[in-house]
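Colleague: What follows is each chain in one-letter form.
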Amino acid sequence: MNCTKSKANCKECVDLLVDYLEGALPSEQEKELDEHFMGCPPCLDFLDQYRASTKLAREAIETEMPEALAAKLGEFLGKSCN
Amino acid sequence: MSTLDATAALKNPPSPDEELVARFNGQKDRTAFDELVRRHRNRVYSLALRMVKNEDEALEIVQETFLAVFRKLPEFRGEAQFGSWIHRIAANFALMHLRRKKVSSQFEDEIEDANGHFDAEGRWEIFPTGMWGRRADQLALDSELRTKLVDAVEKLPETYRAVFMLRDWDGLSYDEIAETLETTVPAIKSRLHRARLALREDLAQYFEGRGA
Chain A
1 MNCTKSKANC KECVDLLVDY LEGALPSEQE KELDEHFMGC PPCLDFLDQY
51 RASTKLAREA IETEMPEALA AKLGEFLGKS CN
Chain B
1 MSTLDATAAL KNPPSPDEEL VARFNGQKDR TAFDELVRRH RNRVYSLALR
51 MVKNEDEALE IVQETFLAVF RKLPEFRGEA QFGSWIHRIA ANFALMHLRR
101 KKVSSQFEDE IEDANGHFDA EGRWEIFPTG MWGRRADQLA LDSELRTKLV
151 DAVEKLPETY RAVFMLRDWD GLSYDEIAET LETTVPAIKS RLHRARLALR
201 EDLAQYFEGR GA
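As given, the protein sequences belong to chains A and B, one line each in that order.
Going by the numbering used here, 68 is the number at position 68 of the first sequence; the sequence numbering is gapless.
Going by the numbering used here, 58 is the number at position 58 of the second sequence; the sequence numbering is gapless.
Isolated chain A, as found in the complex (with noise of 0.2 Å):
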């Protein structure tokens, strides 16, 4: 595997994800992780099913409130807010 070659190791590269993704590592930091994801393709393809996991948790949570609860909300409002 030649991700051996990069400083950071897979371990270090997934622990920082969440400031990687965000780009708020410090630069040196985050070339080191560029390098790492280029030469290592198991810790690629994590990268890519960690942000996949949120991208689609985010668009299935998304829910309509059902017709009746808006419903009750609107009276509950209409009596509450006055």
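I should point out that these hints are in silico values taken from the structure, not numbers from a laboratory.
You may find that some hints are simply not true.
[To be verified] Calculated pairs, EDC-like style, for lysine to aspartate or glutamate (alpha carbon to alpha carbon, straight line, at most 16 Å):
(1) B:189 x B:175
(2) B:148 x A:34
(3) B:148 x A:62
(4) A:72 x B:34
(5) A:7 x A:30
(6) B:101 x B:137
(7) A:11 x A:34
(8) B:101 x B:35
(9) A:55 x B:142
(10) B:53 x A:62
(11) A:72 x B:201
(12) A:72 x B:56
(13) B:148 x B:201
(14) A:72 x B:137
(15) A:72 x B:64
(16) A:72 x B:57
(17) B:148 x B:202
(18) A:7 x B:121
(19) A:7 x A:28
(20) B:53 x A:64
(21) A:11 x A:35
(22) A:79 x B:60
(23) A:11 x A:45
(24) B:189 x A:22
(25) A:79 x B:34
(26) A:11 x B:119
(27) A:55 x B:79
(28) A:11 x B:56
(29) A:55 x B:64
On the provided structure of chain A, position chain B as indicated by the hints.
Modeller: Just chain B now, kept in the frame of chain A:
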């Protein structure tokens, strides 16, 4: 949308939230408040439902949220976006509900970290397999996958779920979430990471079962 509707929408674009807030605060225009409720109720409901996992309780949280918004709106100075402000209020009510049920974060389950996947040198022992991560944009969110995802979110321990919802669903800042949950930013980031790892793990198992 018909061509006529589209033309009308271009001529009369919807008022920004801030304009509705100003109309409500300045002219006591009740229709402006009703429009704000209509715009934000689905997002508030989604947040509440995933936090408390019960439709009736979620409705209570939505009601409490908009009642509080009605009362506090004259004090809203626009330092934050109206959407963020309302979602923070909703998050606080959802957390109060959870606390009332005496589900205390200090006694709840922890999510295991991913250390088990690595050897002593920090290399993968169990490779993450599957191409599904690369095809996320093309994946159809069918009802089976949607149910799997909702289950995966709902089974996250409470504080992890709260952080995931507030950050990845509501887009609140780390500072706002830390203040709401009365903890530190590094603790929030750690919980967010573990929540995302747990979701990935669940999905990886699901896609492996489907041979994806």
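Colleague: Each hint should be assessed against the structure and marked as holding or not.
Modeller: Here's how the hints hold up against the structure:
Taking the CA atoms of residue 189 of chain B and residue 175 of chain B, the gap is near 11 Å; set against the 16 Å cutoff, the hint holds. For the given pair, residue 148 of chain B sits about 32 Å from residue 34 of chain A by alpha-carbon distance, which is inconsistent with the 16 Å threshold. Between residue 148 of chain B and residue 62 of chain A, the direct Cα distance comes to roughly 14 Å. Compliance with the 16 Å bound is thereby established for this hinted pair. Of the supplied pair hints, the one linking residue 72 of chain A and residue 34 of chain B holds, its CA atoms being roughly 14 Å apart against a limit of 16 Å.
A threshold of 16 Å between alpha carbons decides the hint, and for residue 7 of chain A with residue 30 of chain A the separation of about 11 Å falls inside it, so the pair holds. With a CA separation close to 39 Å, the supplied pair residue 101 of chain B and residue 137 of chain B exceeds the 16 Å bound. Taking the CA atoms of residue 11 of chain A and residue 34 of chain A, the gap is about 14 Å. The hint holds against a cut of 16 Å. A C-alpha spacing of about 33 Å is found between residue 101 of chain B and residue 35 of chain B, which places the hinted pair above 16 Å, so the restraint is violated.
For the hint pairing residue 55 of chain A with residue 142 of chain B, the CA-to-CA distance comes to about 15 Å; that is within 16 Å, so the pair holds. Under the criterion of a C-alpha separation no larger than 16 Å, the hint pairing residue 53 of chain B with residue 62 of chain A is consistent with the structure, at around 14 Å. Our distance criterion of 16 Å between C-alpha atoms is broken by residue 72 of chain A and residue 201 of chain B, whose separation comes to about 38 Å. As the CA atoms of residue 72 of chain A and residue 56 of chain B are separated by approximately 11 Å, the hinted pair is consistent with the 16 Å bound.
For the hint pairing residue 148 of chain B with residue 201 of chain B, the CA-to-CA distance comes to about 12 Å; that is within 16 Å, so the pair holds. Taking the CA atoms of residue 72 of chain A and residue 137 of chain B, the gap is about 37 Å. The hint is violated against a cut of 16 Å. About 13 Å separates the Cα atoms of residue 72 of chain A and residue 64 of chain B, which keeps this hinted pair within 16 Å; it holds. Among the hinted pairs, residue 72 of chain A with residue 57 of chain B is consistent with the structure: their alpha-carbon atoms are about 13 Å apart, no more than 16 Å.
Only pairs whose Cα atoms come within 16 Å are accepted, and residue 148 of chain B paired with residue 202 of chain B is accepted, the gap being roughly 8 Å. The suggested pairing of residue 7 of chain A with residue 121 of chain B holds, with an alpha-carbon distance near 12 Å, which does not exceed 16 Å. A hinted pair counts as satisfied when its Cα atoms are at most 16 Å apart, and residue 7 of chain A with residue 28 of chain A qualifies at roughly 11 Å. Distance check on the hinted pair: residue 53 of chain B and residue 64 of chain A sit about 15 Å apart at the alpha-carbon level, within 16 Å; holds.
Proximity of residue 11 of chain A to residue 35 of chain A is assessed by CA-CA distance (about 14 Å); at most 16 Å being required, the pair is judged to hold. As the CA atoms of residue 79 of chain A and residue 60 of chain B are separated by approximately 15 Å, the hinted pair is consistent with the 16 Å bound. A distance of roughly 14 Å separates the Cα atoms of residue 11 of chain A and residue 45 of chain A; the hinted pair therefore holds under the 16 Å criterion. At roughly 11 Å between alpha-carbon atoms, residue 189 of chain B and residue 22 of chain A fall within 16 Å of each other, so this suggested pair holds.
Between residue 79 of chain A and residue 34 of chain B, the direct Cα distance comes to roughly 13 Å. Compliance with the 16 Å bound is thereby established for this hinted pair. Proposed proximity of residue 11 of chain A and residue 119 of chain B is supported: the alpha carbons are some 9 Å apart, at most 16 Å. Restraint check: the Cα-Cα separation between residue 55 of chain A and residue 79 of chain B comes to about 28 Å, which exceeds 16 Å; the hinted pair is violated. Taken as a hint, the residue 11 of chain A and residue 56 of chain B pair is broken in the structure, with Cα atoms around 42 Å apart against an allowance of 16 Å.
Distance check on the hinted pair: residue 55 of chain A and residue 64 of chain B sit about 29 Å apart at the alpha-carbon level, beyond 16 Å; violated.
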